[in-house]
Structure formats: structure tokens, C-alpha cells
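Novice: Take a look at the letters that make up each chain.
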Amino acid sequence: MTTIAELPPGFADKVLSAQSTFRSVMDAMARPGSVQRIVPGAGTPDRMMRGTAAIALTLFDHDTPLWLDARMSESPDVVKWLKFHTGAPVVQDSSIASFALISDGGALPPLERFALGTSEYPDRSTTVIFQVDSLDAGRSFELRGPGIDGVAMLNAAIRPFDLFERLRVNEALFPRGTDVVLVADDAVVAIPRTTRIVSKGS
Amino acid sequence: MNAPAYNFAYLDEQTKRMIRRAILKAIAIPGYQVPFASREMPMPYGWGTGGVQVTAAILGPADVLKVIDQGSDDTTNAISIRKFFAKTAGVATTTATEDATVIQTRHRIPEATLHADQVLVYQVPIPEPLRFLEPRETETRRMHALAEYGLMHVKLYEDIARFGHIATAYAYPVKVNARYVMDPSPTPKFDNPKMDNCPALQLFGAGREKRIYAIPPYTKVVSLDFEDHPFEPYRFNAPCALCGAENSYLDEIVTDDKGGRMFVCSDTDYCESRQAAGHHGSLSAAPYKEKAQGGTNG
Amino acid sequence: MYVAVKGGERAIENAHRLLADKRRGDRAVPEVTLDQISEQLGLAVDRVMSEGSLYDRELAALAIKQARGDLIEAIFLVRAFRATMPRFGASEPVDTGAMRVQRRVSSTFKDIPGGQILGPTFDYTHRLLDPALAEGFVPEAPATAEASTAPTPRVTDILGRDGLIESSPQAEDGASVGDLTREPLNFPADRDLRLQNLARGDEGFLLAMGYSTQRGYGRNHPFAGEIRFGEVEVEFSAEDVGFAVPLGSIELTECQMVNQFKGSATEAPCFTRGYGLAFGQSERKTMSMALVDRALRARELGEEALAPAQDEEFVMSHSDNVQATGFVEHLKLPHYVDFQSELGLLRKLRKEFTDAQAPDAMKEAAE
Numbered sequence: 006m007t008t009i010a011e012l013p014p015g016f017a018d019k020v021l022s023a024q025s026t027f028r029s030v031m032d033a034m035a036r037p038g039s040v041q042r043i044v045p046g047a048g049t050p051d052r053m054m055r056g057t058a059a060i061a062l063t064l065f066d067h068d069t070p071l072w073l074d075a076r077m078s079e080s081p082d083v084v085k086w087l088k089f090h091t092g093a094p095v096v097q098d099s100s101i102a103s104f105a106l107i108s109d110g111g112a113l114p115p116l117e118r119f120a121l122g123t124s125e126y127p128d129r130s131t132t133v134i135f136q137v138d139s140l141d142a143g144r145s146f147e148l149r150g151p152g153i154d155g156v157a158m159l160n161a162a163i164r165p166f167d168l169f170e171r172l173r174v175n176e177a178l179f180p181r182g183t184d185v186v187l188v189a190d191d192a193v194v195a196i197p198r199t200t201r202i203v204s205k206g207s
Numbered sequence: 002m003n004a005p006a007y008n009f010a011y012l013d014e015q016t017k018r019m020i021r022r023a024i025l026k027a028i029a030i031p032g033y034q035v036p037f038a039s040r041e042m043p044m045p046y047g048w049g050t051g052g053v054q055v056t057a058a059i060l061g062p063a064d065v066l067k068v069i070d071q072g073s074d075d076t077t078n079a080i081s082i083r084k085f086f087a088k089t090a091g092v093a094t095t096t097a098t099e100d101a102t103v104i105q106t107r108h109r110i111p112e113a114t115l116h117a118d119q120v121l122v123y124q125v126p127i128p129e130p131l132r133f134l135e136p137r138e139t140e141t142r143r144m145h146a147l148a149e150y151g152l153m154h155v156k157l158y159e160d161i162a163r164f165g166h167i168a169t170a171y172a173y174p175v176k177v178n179a180r181y182v183m184d185p186s187p188t189p190k191f192d193n194p195k196m197d198n199c200p201a202l203q204l205f206g207a208g209r210e211k212r213i214y215a216i217p218p219y220t221k222v223v224s225l226d227f228e229d230h231p232f233e234p235y236r237f238n239a240p241c242a243l244c245g246a247e248n249s250y251l252d253e254i255v256t257d258d259k260g261g262r263m264f265v266c267s268d269t270d271y272c273e274s275r276q277a278a279g280h281h282g283s284l285s286a287a288p289y290k291e292k293a294q295g296g297t298n299g
Numbered sequence: 010m011y012v013a014v015k016g017g018e019r020a021i022e023n024a025h026r027l028l029a030d031k032r033r034g035d036r037a038v039p040e041v042t043l044d045q046i047s048e049q050l051g052l053a054v055d056r057v058m059s060e061g062s063l064y065d066r067e068l069a070a071l072a073i074k075q076a077r078g079d080l081i082e083a084i085f086l087v088r089a090f091r092a093t094m095p096r097f098g099a100s101e102p103v104d105t106g107a108m109r110v111q112r113r114v115s116s117t118f119k120d121i122p123g124g125q126i127l128g129p130t131f132d133y134t135h136r137l138l139d140p141a142l143a144e145g146f147v148p149e150a151p152a153t154a155e156a157s158t159a160p161t162p163r164v165t166d167i168l169g170r171d172g173l174i175e176s177s178p179q180a181e182d183g184a185s186v187g188d189l190t191r192e193p194l195n196f197p198a199d200r201d202l203r204l205q206n207l208a209r210g211d212e213g214f215l216l217a218m219g220y221s222t223q224r225g226y227g228r229n230h231p232f233a234g235e236i237r238f239g240e241v242e243v244e245f246s247a248e249d250v251g252f253a254v255p256l257g258s259i260e261l262t263e264c265q266m267v268n269q270f271k272g273s274a275t276e277a278p279c280f281t282r283g284y285g286l287a288f289g290q291s292e293r294k295t296m297s298m299a300l301v302d303r304a305l306r307a308r309e310l311g312e313e314a315l316a317p318a319q320d321e322e323f324v325m326s327h328s329d330n331v332q333a334t335g336f337v338e339h340l341k342l343p344h345y346v347d348f349q350s351e352l353g354l355l356r357k358l359r360k361e362f363t364d365a366q367a368p369d370a371m372k373e374a375a376e
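Residue numbers (my numbering), protein chains in the order written: chain A, 6 to 207; chain B, 2 to 299; chain C, 10 to 376.
It is possible that part of the hints are untrue.
A few chain C residues facing chain B, derived, Cβ under 7 Å [as the list claims (entries may be wrong)]: (1) A89; (2) L137; (3) A141; (4) E322; (5) Q332; (6) H339; (7) Q349; (8) G353.
These aren't lab readings, by the way, just hints derived from the structure by calculation. Glycine included, C-beta positions come from ideal geometry on N, C-alpha and C.
For reference, chain A alone in the conformation it holds in the complex (with noise of 0.2 Å):
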């Protein structure tokens, strides 16, 4: 078991840092299918990438649940650095988290138990990060929508292969839906719950 003080650091300069790794996210989400570039300031405990745990460092806090799939959730690390360094409460109940971590995408739970807001509050939504093995590489997907000026093309190797097919569902649910946010190593692609994807194969 690792203490307190030999966790992984967090941010070396904590204001900055964030400041940074958001202006990625946000780029990200703005323009859904970018590959944005999150520059690395921070430990990362075990299992999770930099990405992960800039932006981990970036949004979580005491106010955001936080869900962990089963192989985020199994390293007493992961869990202790981000009580440790967030604060952010650990639930069981993936409906009332804000973020989601999911490491092991083969193992995702169906997307509607993860809150999706409400038509009065869309916005109560989780927000799931999903670890990837690339966003440079990999299937083709062709991506339209608000933040892509016309067509967005994105190669990347996710799991659960079929990530873009289940969220489909955001076309019919919205303004409800779930937003998605990848990370490979330092690189971050968002989609949105506008985005609509069209697999172009390998």
C-alpha cells in the first residue's frame, strides 16, 4: 500500500496547470474530433494516463461524484490519489456521478445508467472519460456537427469498438445525452452530445 506521501504528485503549479488542461478540454469540446494536446504537469497514479489525470486535477472537486469502472476502482492508487489530490466522493451509483473513468472500455455499462440530465437541466449530466489506445491511429470516423466546419475526420482505436454506435442515442434524446471525452497518453478529443459519427471502417 502507498501512503500519502509517496502518491504521485499533483499539478507542480497548480493554477496554471489547470488553467492549461482546460483550455484543452475546452478546445476539444468546441471543436469535437481535434486531437488537442494536454501538457503534462502532474504525477499519474498506476493505471491512469497523463490525460487523465490533468484533467482529473483540472474539474474534479468535493461538488463532482465520481464513478470509477471496475479497473480504475480495483487500484487502491488510483483510488487514493484522487481522494487525496480532488477530493471528489467515489460512488457506487453511476446516476448521480458528474465524471465517469473508464479504463477498461470492453466492460462499459449501458450508457443510460449514467445520468443523461433531465429536459429542464440537460446539463446534470455525466460527463465520461474513456481511456483509449489511440487518437491518431485506428478506424476512420467522419464527424459533423456544431464546432465542425463542415466534415471532422477522427482515426482512433477505442473500446468498446462499437463507443460511436451507442451513442447515437444522443440524437434522440436530445438536449439529454451523454458527453464524451477520450484520452490517449496527453492527447484529448471530445464529443459532445451534438456530434453526429459515421464509421468509415479502417
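Please build the complex by placing chains B and C on the supplied structure of chain A, with the hints as guidance.
Specialist: Frame of chain A; chains B and C shown alone:
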């Protein structure tokens, strides 16, 4: 006594996280007003506290900030907000639209086309476009949930029945991404078309009313109208007296008490850039020369 | 020749210099000290602490001095400072039953356990301007007596023992406390948030709202069950310490209104409560707050909510003087861009009106 010590860009990190989360949801749901726990700022509510909080949450040391009020960098409130960020965040400031990465604005969208590396932050007094038709938040929230916008169309149609056209000159409602009816803030309707398919991200902050909303880049923004009464932007039909521009929004300047009037660009940076590039209006020579000598600012 | 307006920056600096000069006033007159404000304008300090939501006499006094005595401006200064403070958590509920009472009156019983204590009050003073106070007045030392050890139970608790008044709803242990400075307000709002809103609300606004209920706009038949003012201990339970740590004592005023309630199909008739609490000695504020709190409970008690004071959205959206003054005063800011749009529209409408009238006028002239 507790001596005040303030963070980078004034807001504490917990507040910034809360605002940042709201901004991300706002971008994900274009035109929807995300409630946020607006803080008391060191400037009065109604004077840009929402815009200031949004700017403070996104601003970094590499940013170049421009602040305009009524299109001008030199109005007192624009100066006051620009100085606030120069002091609390140490960021570079500019008056040149082209050079800015973050532009905070009240009541105007710059004339120069915005580019993809820019964020436009609007100060919003009343974010709810339905508020003057229905004062209750519980009601307007339900209307947005059901996309029940008939009341707004009735109001616009009553204008047509009475005046022959829609009698809304500013804060003209738009529909964002074919779903939410949104208040563009009290910009003149002349500026509405600039919001459509704009390469820059547009963020809206309403501090007193505690709402943040957004238009992502390249998003469809349509001014509400009717097939037989299409939306028409208003502009006084004259060239700018200083730079000769035929397509900019104009301020009316009262020059004497005998009915004398002149019309000049409300976007001061646009006007000055045009004059510097050699464009002239009927009265342009003297003011620009003074500026070129560097003697007028202050 | 027209020159675009420049020099706003220097204008702002000069205006602020002038303000500082006016604030100090005649240099021959001694400068007022924070101690003088805190000691001699204590009720102003109390109000600024209450509506500023920050218990700090020294900062409130500084704010009053900086604001040249404009209390809403002072409240604004305190709020803006408070907003930057880290928040460690919520204190334990204070026990006003254990208050070291300096003043305590009930209008519902002639005598009560612990006694009626008039304390420092303007009540029963004759409002005659007193020239003796103008300078150098040395008041008599106050009369003193042994501090009583008799308990001073709350009057509403005495009524509660007989079930004559609704029980005060008790929050569950460890239940989170709403905080409208940390979470945006949604409607309908629970009573904790309503009370927080009223506690921060403008005294004048609450006074007018409370008064309107007495005049029949949402009448709720109030009796001043008890008003008490004194010191209470504040304690904080830190999660890792495991017990409550005393933080110190503060002065509070509490008002419990006892209101008529006719009962419903499921509930026997009983008295209901309206509650007011404020920092320092603020009786007008707490009494008004208690009236409005009771009025806002209309929905919960199954009463028709037709009057302004019963309208939760109306009251809560307009009670905050910092919000209100900002938005009213923002009309001073330039609006010439939107005004220009309106001018353009108005000219067009007038021209259309004239054009439409013209043929008639010609026709009339022809006849």
C-alpha cells in the same frame, strides 16, 4: 485584520473549476443556459460580472485580451475591466481585434471576421429570451424543455400585425442549432448574422442571473422570423464619417444643438485600422493624425 | 471637428482621486476611526455584517468608512471580499436557547420563564432630538445586577410542549446545508435556502414585504412569540478531529413569529412559525424576515399564494440589494449602441405612421 490576497485572474480555483464545468456543458448543449453559482465580484452586478467570471475562468498567461463596450476599447467600463485583468492576471492586452485571443464584449460583435483561435465572451444582463413574455423561471424553463416557443412567435407576429414588421431592434432572439431560442445579449440585430457559423467560440456570462451559455464554432444560428417577413439587419444608411466604411454599424454623434448629426463606426478598432490603411470619410483627417502622433490616449 | 472620445483611463483615475478626497472631507475635522464606527455606529456595523454575510466587525467598519456611510455599498464591499474566502464547511447549528440574553421580549405571554428583559432598545424612548448628544455627552453608567442563572427557554418551545405550535422541522444529523452562494438557486427552493436568501436580503425590502402581509396582502395573523438578542457560541466539527471545536461567540438577534393556522383535513389547527435571524442587534430585520418566511410557507401549508410576499420567485429574485443596486445602476453605463438601434426603429415607425396618415389628410383637405 485579514489582508486580502487574490489568486491569478482573481477567482479562487474552486470557483474556476465550477465555472469551467459549466462552460463545458454549455458548449455541449448549444444555446442552453447552464445555471452556475455566480460569485460576488469586485464590480457591480450588471456591469459585466458574468463576462468577467467566464474570462477569468478561461484566461491564461499566454492570452492576449481585448475588452470592448459599445464596440469601443475606450469606454470607461471597458477600460476598467481591461485593467482588472491586466492587474490580477498580468495578461497582455490589445485593442486590435485580429491580435486578441480572448475578447470580452458588451453590446457588440467586432466588425472584423473572428478566427478560430479566438474566444468571444459576451456580458449578458438578462439571459432568458422569454423573460419579458413570462417572468417566471419555472415557466420559462419548462418552455425551453419542451421547445415550446410559440409565445415568442406570437410576440413577433403581434409586431407585424401592428407595425407591418418585427419591432425588435436589439437583443433580437435567435435559434441555436435548430433547438434552443437564445438571447444574443443586447447587441444590435445588425450583429446577429455574425453569430452564425462563426469560426470562434462564443461564450455568454450572466453574473446576476447566474447563467452561462455558449455557441460552439461553426454552429447554425438563425434569427427568428417569418417566411413573409424575413429578418432584416438594421444599419443607418450612410458611410462612416471617419473611415468611409459602408458596411459597419454606426454610432450617431450629436454635434450641436441645431440638429447637427454625424455617423461614425461604433467599432473603434475597425475604424482606426481602416483609417490607418488609407480609407477616409468626410471628416477623417484630423482625429487620425492626432492618434498617429501618439498624443490622444490619456 | 469631431474627435473620438479618448482619455477614459485618466478620467477614471481622476474620479477616484476626487472620491478619496470627498471621503476624507475637511482635513481640519478629525478622521473617523474604525473603533469609533464599530462602537458608536454599531447597528450600522450589524446590518453590514448581516447582509454582507460575514461576521467581522472590523472589516464591516472599514467597509462603512470606505463607502462614506453608504450601507449598501459597504455590504457590497464585504460580499466581494467574502466571495474570495475559502470555505471549510458549515458550523454546527447554534443553540439560541442557550443564548446569553441581553434582551428578550415576548408579546404572547405576560411573564415567561427567565423573565422579560428589555435590554438596550429604542422602544419607549421619546423620539426627541437630543442636543446634549451633539458633543461631549457622558452617559450614566448602566444599572447592573447579578447575572441570572435561570434558564431562558424559547417561548415557541414552551408552546411546543403542549403541541399548540407545529414542531420545528429538525434536519437529519449530517444532512448537507444548502448554500446559495455555492449552488445556483432553483425554484421551488427549500426553506433552508429561502431563509439564507432572506437573511442576506435587504432590510428595507423585507420591511416592505413584511408590512404588506400585515396590510392584507397575504395576511398571516402574526404574534411576536419572542425576540431575543445576545451572545451564542459557534462550534465547528472538523471531519478528522471527531468532535466540535469552539470557534468563539457571536451576537445574534432571533425572532420567532407565532402565526394562526386553521388546520387542514389531515392536521389539527395549531400555530405555525415564521423565523428570523440576523447578526448583531437587528430587530426590524429579523421581525420582517419572520413575517416573510411565514408568508413564503404558503405552498407548504396548502394556502393560496396570491400576494407578492407569498411569491417565492418574486421575493427571492429581488431581495438582494447588491444584485438590485448593480442592475439598477448599470443603466448609467453607455447603451448608445442599442439606443441607436431603437432610434433607427423609432424613426422608421414614425415615418410609416406619417406616411399612412398622409393620404387621409390629403383626402380630408380635398373634401
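Novice: Does each hint hold? Answer for all of them.
Specialist: Hints and how they fare:
Among the interface hints, the one on A89 (chain C) holds; its C-beta lies about 4 Å from the nearest C-beta in chain B, closer than the 7 Å criterion. With a cut of 7 Å, the hint placing L137 (chain C) at the interface with chain B is violated, because the nearest CB-to-CB distance is about 39 Å. Among the interface hints, the one on A141 (chain C) is violated; its C-beta lies about 34 Å from the nearest C-beta in chain B, farther than the 7 Å criterion. Satisfaction of the interface hint for E322 (chain C) is found here, the shortest Cβ-Cβ separation to chain B being roughly 6 Å, below the 7 Å cut-off.
A distance limit of 7 Å between C-beta atoms decides the matter here; for Q332 (chain C) the minimum to chain B is near 5 Å, and the interface restraint holds. Using the Cβ-Cβ criterion of 7 Å, the hint placing H339 (chain C) at the interface with chain B is satisfied: the shortest such distance is roughly 3 Å. The beta carbon of Q349 (chain C) comes within 6 Å of a beta carbon in chain B, closer than 7 Å, and the hint placing it at the interface holds. Contact between G353 (chain C) and chain B, as hinted, is supported at the beta carbon level, the nearest pair being about 5 Å apart and thus within 7 Å.
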